[in-house]
Every structure is written in structure tokens, then in C-alpha cells.
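*Asks:* Sequence:
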Amino acid sequence: MFSIGFRDQAGSARPERYPLDPSREVFPVASNPLAPQWLSLPSDANELLPALWSYNTVRTDGEITVAGVGAAELAEQFGTPLYVVDEADVRSRAAETLAAFQRAFSGIGTTAKVYYAGKAFLSIEVARWMTEAGLNIDVCSGGELAVALAAGVDPGRLGFHGNNKSTAEIDRAVGVGIGAIVIDSLQEIDRVAGAARRHGRVQRVRLRVNSGVHAHTHEFLATAHEDQKFGIALDAAADAVAAIRSHESLEFLGLHCHIGSQIFGAEGFAESAGRLLTLHAELLASGNVPELNLGGGFGIAYTSSDDPTPIDELAGNIAQTVAAECARLAIPVPAVAFEPGRAIVGPSTFTLYTVGTTKPVAVSVTSTGVNVSDDAQDGVAIRTYVSIDGGMSDNARTALYGADYSVRIANRASVAEPALVRIAGKHCESGDIVVNADYLPGDVTPGDLVAVPATGAYCWSLSSNYNYLGRPPVIAVRDGVARVIVRGETEADLLARDAAFREGASA
Numbered sequence: 001m002f003s004i005g006f007r008d009q010a011g012s013a014r015p016e017r018y019p020l021d022p023s024r025e026v027f028p029v030a031s032n033p034l035a036p037q038w039l040s041l042p043s044d045a046n047e048l049l050p051a052l053w054s055y056n057t058v059r060t061d062g063e064i065t066v067a068g069v070g071a072a073e074l075a076e077q078f079g080t081p082l083y084v085v086d087e088a089d090v091r092s093r094a095a096e097t098l099a100a101f102q103r104a105f106s107g108i109g110t111t112a113k114v115y116y117a118g119k120a121f122l123s124i125e126v127a128r129w130m131t132e133a134g135l136n137i138d139v140c141s142g143g144e145l146a147v148a149l150a151a152g153v154d155p156g157r158l159g160f161h162g163n164n165k166s167t168a169e170i171d172r173a174v175g176v177g178i179g180a181i182v183i184d185s186l187q188e189i190d191r192v193a194g195a196a197r198r199h200g201r202v203q204r205v206r207l208r209v210n211s212g213v214h215a216h217t218h219e220f221l222a223t224a225h226e227d228q229k230f231g232i233a234l235d236a237a238a239d240a241v242a243a244i245r246s247h248e249s250l251e252f253l254g255l256h257c258h259i260g261s262q263i264f265g266a267e268g269f270a271e272s273a274g275r276l277l278t279l280h281a282e283l284l285a286s287g288n289v290p291e292l293n294l295g296g297g298f299g300i301a302y303t304s305s306d307d308p309t310p311i312d313e314l315a316g317n318i319a320q321t322v323a324a325e326c327a328r329l330a331i332p333v334p335a336v337a338f339e340p341g342r343a344i345v346g347p348s349t350f351t352l353y354t355v356g357t358t359k360p361v362a363v364s365v366t367s368t369g370v371n372v373s374d375d376a377q378d379g380v381a382i383r384t385y386v387s388i389d390g391g392m393s394d395n396a397r398t399a400l401y402g403a404d405y406s407v408r409i410a411n412r413a414s415v416a417e418p419a420l421v422r423i424a425g426k427h428c429e430s431g432d433i434v435v436n437a438d439y440l441p442g443d444v445t446p447g448d449l450v451a452v453p454a455t456g457a458y459c460w461s462l463s464s465n466y467n468y469l470g471r472p473p474v475i476a477v478r479d480g481v482a483r484v485i486v487r488g489e490t491e492a493d494l495l496a497r498d499a500a501f502r503e504g505a506s507a
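Residue numbers (the numbering used here): 1 to 507.
It should be emphasised that the hints constitute simulated quantities derived from the structure, not laboratory data.
Yeah, the Cβ is synthetic: ideal placement off N, Cα and C, and Gly gets one too.
No incorrect hints appear here.
Beta-carbon label-pair distances, calculated as ranges: (1) G134 / A324: 24 to 30 Å; (2) P360 / S166: 49 to 55 Å; (3) V176 / A500: 32 to 38 Å.
Using the sequences and the accompanying hints, generate a full structural model.
*Replies:* Now the structure itself:
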């Protein structure tokens, strides 16, 4: 082990121990060229930026606590990895979102409904929280429908999405009295109409259309440009609506559009609303069109560089656009609906892990921070890999989308100088990364607890059993009490599905 002198910004040397060639320059942490441009060196690597954490998550005597319960207590009681949900935070964000849209659209003379997008994260408890806050729920599979029904949700408050709903799923949804089905293809029109006839019902439906507006987001998350699997092209929508109206067993509610996910600002929603309302006006000439559903996709903060639009501002801007477009087209303002998921549940949750190993890795770089070949004149920067007891099985978004996350030590605060870290999982994949880049105190060590914020949406939902890891439990914390709302999987659970496994058999 060589003692390498890092030069700080004042030019003085300070010793650090890394197994490096001492003849080579080593970049100081303060100017680590491996850090992405958006990531600033924090003045305090313990700080919890409020935008990234739930309302009731703070540091108390150095330890991260949520609603009065400390990270160490949670880890001891439930183990790690662990999804930790601030229940009051979820409930308040749901109520605030509904109030913001109702307030904004009542100001232009109409009503607004909010459907919680269950695909973000759905459990029986969460479904109850949403309906108690006044929201409806959007489901997109038979399984999600089953969860909502098990929660006691009135089927009339459910909407059913999906580009390939099975005939059995459609039949069940119609049979239980689902509030609305979103038609996603021409074939579905006849399928839903047939199911409604069999059940002696008139089924309310919306038609999903592609507005051609592509919000600025990751390609895999974008769902409104034409070359994709969802919806009907805008120029084919009028014929599809005519086909819907030809069935006495169907009631056409209106158009639906979803322009993407993790969207900041209202510009994309405004442009999409304008295009949909032009078609909406044409459809009024041949029948009633009571609603317009503009979907969801409102973004949240995952890192210090993210600046999402406040929900009140977003709702107000969209409402003003709808009012202006309706005035231009000389049509009544329809009732509107929205489908947020991430914006409600995402910031409510952090994932708690235990550090297993730390590994400082020397990387050859140029002064601009671009990786180059291992050349004698190039400097060396250190990236510390911090390996945790979870990974891509409990958070696939980094590997799947290139998503960025943040991280903090949870069980203590530290005065150690910040070090650039990468939070790696324990799976047999080099791409098994949870946090690509952040700064932690340089004394992060095996046995520490680390918390990754803003994991409430699409982490548990996308979780898997890769490498035969059980899915972690989900814990809700409120008023100093922590309780399990989704049980974690055990090895017995995993083996129970294997047809060759005999209960009690030895390995």
C-alpha cells in the first residue's frame, strides 16, 4: 500500500492510502474528473436535500429517521434490503395532488379527477390510502385489478389500461363493474363490446391516442410518439371513435393520451392538450364527449440537479392551456382526468441497505474527465465501489433506463471528507449498479447502513428474484410505528414454486 499525496485546492498535500503507482498524479476529491458534470461536491455529505426525501425523513443525532423511527432500528427489526415508506407523506401528496388539479380546473369552470397510476407501486394498503384521499386508481393488468378489489375499492373508481388486455381480463373487469376501460387497439373495441353484452352492461370506455408529442425523457419511457406499441394514431382516431359509438353496449367518454414519464414542466402537456382538443371538437359534431384524459408522467427529484415543477404550478399551467384551447375552438371545457403515480409515491420511500464491501478503484483519466487508455502521462482518479446487500433485483431502473439516484449513510453522520462513490449491487452483472455517482463521507465502511431516496415508484414494481434473491419487504412508518405492508420473500417462498422441491428435503 502506497501513501499517495492528494493535492487539495490550496496546493497542500494530505496522505491517503491506495494501492497505486506513486509516480502518477492523483486527482483530489474536490476535482474528481470521474464525477458527472451535474454532480457538485457537497459541502456536507450528510445533508438530506428536502426535495429528495419524504416530508418526515430527517437526521436525528446523526441517524436518518423517518416519522420518528431510526434506520438502525428498522434494519434490526426487519433486516435489509428494505423499502421504507413514509405513510403520511404518501397520503398528503395524494391529497395535495387532487386538490391542486381540482382547484386549477374549477377556476376554468370544470371538474378534475385524479387516478393514481398503480403501476408505480400498488399494494392493498396503498390502494386504500389512495381512495381515502379521494383518488381513483388506474390498473393495467388482472393482477393489479385483483389488488384493488382486495383493498375494497369500488370498481366504479377504477380505470383499466393496457395494450394487450386478455379476453379474460376484459371479461372480469366488465363483470365487476369497472368504471372505464381504455381502448388501446381496434380489436379491443369488439372484445369490450362483446363482454359488455354478455354481462348486460353498457361499458364506459376511453380511446388512447398518440398525440405525436414526445416529452423530453428517456426513449424507453416515452409513450406518445407514433412508432410505439400504445394507442391509436391521431389521424385514425375519428374512425375508431365511430366504431366505438356503433356498439350499443359501449359509452364513449373521451380521448386519452400519455406523453411520457419523468416530465418537468407543462409544455408537453400543453401541446398535447391542444392537439387532442382539436380532435375532441371534431368528435362533438357527432356525439357527446364529456371527458379528456391527459395522462400522467409528472417528474420528481432523484438528484440535486433535478428541478421538478411544483404540482400547483403544473396544474395551473395545464388548466390555462385547456381553457385557452377550448375558447379558440368555441367548445365547452370538458371534465379532465390525470394519472400521476411517481409524483405521489416516488419521494415517499427510501431503500435501506447494509454495506458489505468497499473497493477504491484507480481509473486513468484525462484532465477533462474522459476515460482513456492506461498511459503514463495520464492522471489517476479514485472511484470507490460500495457494495450493498441488494441491487438490480430491488431497483432495476439504473440498469434499465440509466436512471440516476442519490445516496446517504443512514446510521451515522461523519466529518470525513467526501469521496466519490458508486453503489453496486451483489448480483453477477457488471451493470448491477444502484447509484452511478454520488459523494459519501470517505470513511464509509462495511456494516454501515446506506439509504437511497426516491425509490417509491417502479422499484418494488420492477423487482425480481435474479440470482434467487427474495424481494425485500415494504415497511410503512407513521407516528413512530413501523409495520409490514408487503411481506419480504424468504428462500422457502422461492423454493415453494419449484415443482421438484419437496418440503423438508435436505439440500
